[in-house]
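Asks: Residue numbers (the working numbering), protein chains in the order written: chain A, 463 to 734; chain B, 412 to 721.
For the record, the hints were derived by calculation from the structure and aren't laboratory data.
Note that this is a predicted model, so its numbers are computed, not measured.
Keep in mind that a hint or two might mislead.
The following label-pair restraints were derived from C-beta to C-beta distances [stated by the list, open to error]:
hint	chain 1	residue 1	chain 2	residue 2	range
1	B	ILE616	A	LEU508	51 to 57 Å
2	B	ALA528	A	PHE480	34 to 40 Å
3	A	GLY507	B	LEU703	31 to 37 Å
4	B	TYR611	A	ILE711	38 to 44 Å
Some but not every residue of chain A turned toward chain B, in silico, with C-beta under 8 Å [stated by the list, open to error]:
hint	residue
5	SER538
6	TYR552
7	GLY572
Don't be surprised by glycine CBs; every beta carbon is placed ideally from N, CA and C.
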Amino acid sequence: MRRRPNVLAGFGSLVWLFVVGLPLYTMLAATLQSRSDYAASGPLGLPRHLTLQNYLDDLQGGFGQYFLNTVIVTVSVVAVVLLVVPPLSYAIVRSRGRTTDLVFRLFLLGLAIPAQAVIVPMFYVISKAGLYDNLIGVILPTAAFSLPVCTLVLTGVMRDITPELYEAMAMDGAPPWRVFVQLVLPLSKGGLSTITVFSALQAWNGFLFPLVLTQSDETKVITLGLYDFQTQYGINVPGLLAAVVLSMIPILLVYLFARRALVQGLMGVGGK
Amino acid sequence: MTTTLATGAVTRRRPASRAGTAVTRPGFAWALPATVFFVLFAIVPLVLVAVLSFTRWNGLGSPEFAGFDNWNRLFDDPVMVKSLWLSLLLTLLGVAVQTPISILLGVWAAGHQRNRAVLSAIYFVPLLLSATAVSVLWRALLDPNFGIPAEAGWLFGDGNLFGSQSGAIGVLVVVGAWQFTPFHTLIYQGAARAVPPVLYQAAAIDGAGTVRQFFHITLPQLRNAIITSVILMVVGGLTTFDTVLILTQGGPGTDTTISAYYMYQKAFKGFDFGTGSAVALLLVLVATVISLAVVRLSGYDRMRSTSEGL
Chain A
463 MRRRPNVLAG
473 FGSLVWLFVV
483 GLPLYTMLAA
493 TLQSRSDYAA
503 SGPLGLPRHL
513 TLQNYLDDLQ
523 GGFGQYFLNT
533 VIVTVSVVAV
543 VLLVVPPLSY
553 AIVRSRGRTT
563 DLVFRLFLLG
573 LAIPAQAVIV
583 PMFYVISKAG
593 LYDNLIGVIL
603 PTAAFSLPVC
613 TLVLTGVMRD
623 ITPELYEAMA
633 MDGAPPWRVF
643 VQLVLPLSKG
653 GLSTITVFSA
663 LQAWNGFLFP
673 LVLTQSDETK
683 VITLGLYDFQ
693 TQYGINVPGL
703 LAAVVLSMIP
713 ILLVYLFARR
723 ALVQGLMGVG
733 GK
Chain B
412 MTTTLATGAV
422 TRRRPASRAG
432 TAVTRPGFAW
442 ALPATVFFVL
452 FAIVPLVLVA
462 VLSFTRWNGL
472 GSPEFAGFDN
482 WNRLFDDPVM
492 VKSLWLSLLL
502 TLLGVAVQTP
512 ISILLGVWAA
522 GHQRNRAVLS
532 AIYFVPLLLS
542 ATAVSVLWRA
552 LLDPNFGIPA
562 EAGWLFGDGN
572 LFGSQSGAIG
582 VLVVVGAWQF
592 TPFHTLIYQG
602 AARAVPPVLY
612 QAAAIDGAGT
622 VRQFFHITLP
632 QLRNAIITSV
642 ILMVVGGLTT
652 FDTVLILTQG
662 GPGTDTTISA
672 YYMYQKAFKG
682 FDFGTGSAVA
692 LLLVLVATVI
702 SLAVVRLSGY
712 DRMRSTSEGL
């Protein structure tokens with residue numbers, strides 16, 4: 463079908479590009495100037511003397527540590543998720559027991575629990591467990607709250623493995639763990655990368671659990687660092703925005719190199 | 412226990428494979444670690460929030476049973492009642508602003524043209540940022556002294572958007588839309604791509620132009636996507652927290668103190684964890700009721716397929 467170019471849509475798409483792009487441009491421009499230059503030229507002015515000093519100051523001013531804490535949290539959350547979700551999904555898809563059916567429903571129910579609803583009892587549980595102001599106390603609830611989506615995604619992917627493949631392995635007399643390692647895992651690679659990215663994003667961008675479960679500088683993650691920076695030195699706009707950019711860099715890198723997995727991870731949908 | 416479950420599962424199943432070999436199946440043990448973990452850190456807290464809402468607890472020591480005290484005070488608390496209305500208002504405004512934009516963008520992005528793919532990739536960026544980063548960024552951009560309002564006074568009046576209720580609500584709605592429109596755009600993009608092309612071909616033969624095709628084919632076909640997206644907006648909107656904490660701190664006064672923020676205030680600033688729990692539980696109930704209502708009213712529960720009659 464021949465199509466006329468849609469002028470209205472073209473115009474609208476440029477308007478939205480402006481809406482999305484202006485704040486991002488302003489942010490980048492601000493981070494590349496000194497505070498006095500920024501105050502003089504304002505947020506919409508063109509930066510004249512470019513400098514990376516804001517970034518260096520942030521990294522020396524604690525953001526290096528926060529960055530490291532966030533990496534620890536993220537890697538641990540992903541590790542926990544990858545350790546418990548694949549066996550769970552395998553059991554849900556392949557076991558005929560009624561218990562696993564119930565378990566699946568429990569996780570579906572979990573989709574509807576917002577983290578905001580449980581921060582008070584979470585604070586109670588984590589304090590009683592002696593994990594307050596400890597990164598482990600952030601890792602555990604963060605991982606638990608990525609489980610429902612990850613389970614849903616991976617179960618969906620594993621359901622697509624055809625019964626014939628299982629039967630072929632059964633003929634060889636393979637026990638469940640060999641079926642799992644040699645058949646299920648290799649055929650779920652797409653789903654595994656989706657849940658990796660999803661849980662990593664949840665952990666990297668997580669704010670609520672660190673906010674109520676940690677307090678000291680040694681356990682501060684980057685989102686909390688941004689919040690503190692803003693409340694304490696909000697007047698240093700270039701430094702603050704440089705910290706925002708620093709917090710985005712890893713995600714932007716993933717977006718550049720693994721866009722598909724990232725988009726699917728964000729949507730929490732099947733990765734194929 | 413695991414073995415009995417596993418063998419029970421095998422016998423209950425029909426004599427499985429054609430070859431006659433018994434297919435070995437994983438037992439419940441495979442699901443156990445994840446289940447225990449999830450119960451401990453998600454289900455137990457959910458039950459505890461209900462329990463704690465009937466107690467007095469200041470964060471130290473042990474909670475004491477308090478009967479319906481927290482709940483009774485909650486419904487007499489004008490700030491609480493106001494916060495519920497504000498939550499609903501913000502959610503409603505969010506849906507009203509984001510839905511049309513994301514439907515248009517989603518349908519537009521569903522086209523396979525190269526330039527659309529490139530622009531869509533850029534549109535996506537706000538979704539990559541944490542809500543914290545987004546809020547901090549906008550707070551700096553909209554700063555009355557150093558931000559854009561200070562330069563573009565003709566557009567922003569006195570420049571202090573955070574000083575009036577309508578200004579602060581406007582900021583929250585705009586920032587929410589800026590961040591979450593890409594997410595809903597993706598939902599609509601996927602749905603628009605799933606519309607059978609034969610429908611458009613038929614419409615084109617009947618002489619329907621782009622606009623009529625949009626209203627008579629695309630929109631009706633997007634129905635399920637609209638319901639999904641609206642439910643996600645409702646749940647997300649009612650539990651909005653980071654944005655309020657960073658952008659307005661619930662102010663001016665309590666003019667943007669929505670329920671999720673009020674809960675945080677009560678519990679972690681006022682050290683009244685019992686009342687905080689009650690607010691949290693109330694919020695979950697409201698979100699669930701509204702989601703169910705959307706599902707019911709839209710007929711989504713009857714699962715009518717949009718490809719019926721094709």
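Asks: Give a verdict on every hint.
Replies: Against the structure, the hints:
1. ILE616/B <-> LEU508/A: 51 to 57 Å: Since ILE616/B and LEU508/A have Cβ atoms about 53 Å apart, the given range 51 to 57 Å holds.
2. ALA528/B <-> PHE480/A: 34 to 40 Å: violated, 19 Å
3. GLY507/A <-> LEU703/B: 31 to 37 Å: Hint violated: Cβ distance 51 Å, outside 31 to 37 Å.
4. TYR611/B <-> ILE711/A: 38 to 44 Å: holds, 42 Å
5. SER538: violated, 13 Å
6. TYR552: Since the shortest Cβ distance to chain B is 6 Å, the answer is holds.
7. GLY572: Hint holds; GLY572/A Cβ to chain B Cβ min 6 Å, cut 8 Å.
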